[in-house]
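Respectively, the protein sequence lines represent chains A and B. Residue 1 is where the first sequence starts when you use our numbering, and the numbers rise one by one after that. Residue 1 is where the second sequence starts when you use our numbering, and the numbers rise one by one after that.
Hints are not guaranteed to be accurate.
Residues on chain B that point at chain A, a partial pick, calculated with CB under 8 Å [what the hints assert, rightly or not]:
1) 53
2) 64
3) 65
4) 67
5) 110
6) 112
7) 149
8) 150
9) 154
10) 296
Once the Cα atoms are required to be at most 30 Å apart in a straight line, the calculated BS3-like pairs of lysine-lysine come out as [to be verified]:
11) B/311 / A/136
12) B/136 / A/234
13) A/234 / A/311
Read the hints as simulated data drawn from the structure, not as lab findings. It should be emphasised that the depicted structure is a prediction, and the values quoted were computed from it without experimental measurement. Quick reminder that beta carbons are idealized off the backbone N, C-alpha and C, glycines included.
There are 2 protein chains.
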Amino acid sequence: MGKLGIGRLLVAGGAGFLGSAFVRDRLRADSEVAITVLDALRRPTAEEGLADLRDDRRFALVRGDVGDRPLVEQLASNVDAIVSFATDEFVGRDPDAASVVRTDVAGTATLLQAARKFRHQRFLLVSTMEVYGPLKAAPSREEDALAPRTVPAAARAAAELFTRAFNGRQGVPVLVTRSATAYGPRQPLDQPVARMITSALQGLPVPLEGDGSALRDYLFVDDQVGAIARVLWKGEPGTVYNVGAGAQLSSRDLAETILRLCGQPASLKRAAGDGPGWSYGMETRRMRPLGWEPRTTLSDGLRLTVDWYRKNEGWWRPAAAA
Amino acid sequence: MGKLGIGRLLVAGGAGFLGSAFVRDRLRADSEVAITVLDALRRPTAEEGLADLRDDRRFALVRGDVGDRPLVEQLASNVDAIVSFATDEFVGRDPDAASVVRTDVAGTATLLQAARKFRHQRFLLVSTMEVYGPLKAAPSREEDALAPRTVPAAARAAAELFTRAFNGRQGVPVLVTRSATAYGPRQPLDQPVARMITSALQGLPVPLEGDGSALRDYLFVDDQVGAIARVLWKGEPGTVYNVGAGAQLSSRDLAETILRLCGQPASLKRAAGDGPGWSYGMETRRMRPLGWEPRTTLSDGLRLTVDWYRKNEGWWRPAAAA
């Protein structure tokens with residue numbers, strides 16, 4: 001992968017869970033790549049999570065906002081492509097919508113205008129399957145209408161609309177990936193799978209999504225970032241790609257698998273009851289012609305992840321106690 | 001219309017062309033209505049345009065931003081419904097996308113959160129047919145995918161996504177109208193039909209959209225605001241309504257009709273050539289069960305409009321000279 005001549009990347013939101021995994025993967029895969037991460041570093045541990053890359057000459061971390069146009073233009077002037085993971089995701093259950101809009105939508109628009117100005121080769125937005133809204137009769141396909149039902153999902157969908165508006169006549173070759181629910185090592189504890197695993201390891205009740213019946217497509221982090229890289233280099237500009245395992249699992253079944261892997265009784269799971277309990281699912285066949293398919297099964301991925309949290313209590317225990 | 005018990009309205013962007021026409025129409029139609037207009041009044045003549053309503057006790061004008069949450073909440077606390085025309089529409093050809101997002105998207109989100117907080121009976125967003133993107137084989141239907149191709153259209157589409165996300169579980173009964181191109185008396189000269197008419201009346205070249213072949217659905221302002229009122233009181237919450245004449249006319253045919261009404265030769269029309277020249281068109285049958293249909297034909301509407309500009313040179317001559 002590299003025929004496109006994308007050697008220098010700006011990765012917005014690159015200190016988050018998925019973003020930092022993407023950055024690590026690229027640095028591992030390509031000795032010539034140069035990556036600049038722009039991240040607001042709002043999560044207290046975000047900078048620390050990239051500390052091991054500090055001495056890598058191919059890597060630079062810039063603290064800043066994706067809506068800061070002068071800063072974005074300065075960084076964009078030196079790269080060939082932007083990949084954006086930037087989202088105001090770590091707000092509460094009732095986020096201030098205007099604040100989410102500023103990061104997700106205005107930020108995306110600012111990145112796009114910079115990509116146009118500096119004639120980038122690619123702009124890739126990492127979106128989410130939640131833009132489809134709740135699962136209907138069949139798994140959602142890329143051409144289905146956007147029907148988000150939450151403020152964060154509406155913000156991602158809005159960011160997608162801007163991204164696609166810049167394709168074609170606006171002159172930016174854009175790509176969009178819609179990610180299934182990600183899980184894996186180093187996932188912060190406010191995200192569902194990590195919360196379940198660390199609760200189970202502590203022998204605490206494991207919180208379900210709603211009553212536990214809600215379905216999700218779960219995809220291991222290495223497969224997520226592999227797919228994003230594949231779309232960046234091989235995807236057709238102007239196209240959206242669903243990135244998932246292509247299978248749905250209920251929150252209850254997920255919790256029971258995790259409890260078993262952690263050596264805990266299934267009775268530890270608890271209905272939350274306060275969530276919407278919506279199901280999401282995607283058709284993922286469009287990725288096949290790009291030569292990508294998931295490599296890690298859910299049971300392998302969960303085993304790897306549980307092992308990692310078991311061996312790295314120092315990483316998450318302080319957050320769990322907070 | 002009034003069975004819903006919507007007696008007090010907050011009209012965001014109510015000093016603009018469509019918004020102010022809606023306000024006038026409601027004040028004329030309903031002696032009991034109370035209307036507060038929230039408008040940033042960025043257009044120099046906006047306040048003056050509502051000056052004749054200043055002494056009407058049923059009307060109040062507040063200068064402010066739709067994204068100003070404390071102000072929005074203060075105003076929203078005293079009304080039954082919000083109708084939003086607010087859009088950052090008067091920016092140049094290459095608008096700063098982040099600024100458009102702030103007004104159109106963050107502003108809409110702020111209004112929606114206030115509507116939810118104060119348990120409003122309705123929230124109506126006035127959107128545009130441009131959210132569909134260029135006309136395909138058939139006129140766009142309400143269930144078609146959003147595919148805007150410009151920054152302002154993407155911003156309206158994004159505002160729609162937020163609006164619809166607040167319907168249902170979020171507890172706000174929302175409505176969306178997608179308006180055809182509006183024309184009529186008092187339209188500012190930076191909008192296409194008014195620009196054509198005032199150019200023709202001055203014997204100046206009449207600018208076409210692109211090469212003149214681009215199709216649009218044109219709807220007289222009185223029909224526009226009548227439809228919006230009808231949707232507000234009779235529409236099904238959670239529903240989108242196309243509001244148009246249901247017919248497409250080329251920019252060239254429009255210009256020739258206007259030139260004829262102004263007593264000028266057809267040769268005065270000029271291809272602009274710098275616009276995208278995209279066509280737009282909508283299927284408008286969903287309005288019929290609400291008991292609405294256009295009352296003013298295009299030729300009658302254009303005649304009325306040309307007459308108004310002919311008789312009110314004092315209103316537009318200063319702007320035309322600027």
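Verification of the supplied hints:
no., hint, in the structure
1, 53, "violated, 30 Å"
2, 64, "violated, 14 Å"
3, 65, "violated, 11 Å"
4, 67, "holds, 6 Å"
5, 110, "holds, 5 Å"
6, 112, "holds, 7 Å"
7, 149, "holds, 6 Å"
8, 150, "holds, 6 Å"
9, 154, "holds, 4 Å"
10, 296, "violated, 33 Å"
11, B/311 / A/136, "violated, 57 Å"
12, B/136 / A/234, "holds, 28 Å"
13, A/234 / A/311, "violated, 36 Å"
In the structure shown, a violation is registered for the earlier hints numbered 1, 2, 3, 10, 11, 13, in ascending order.
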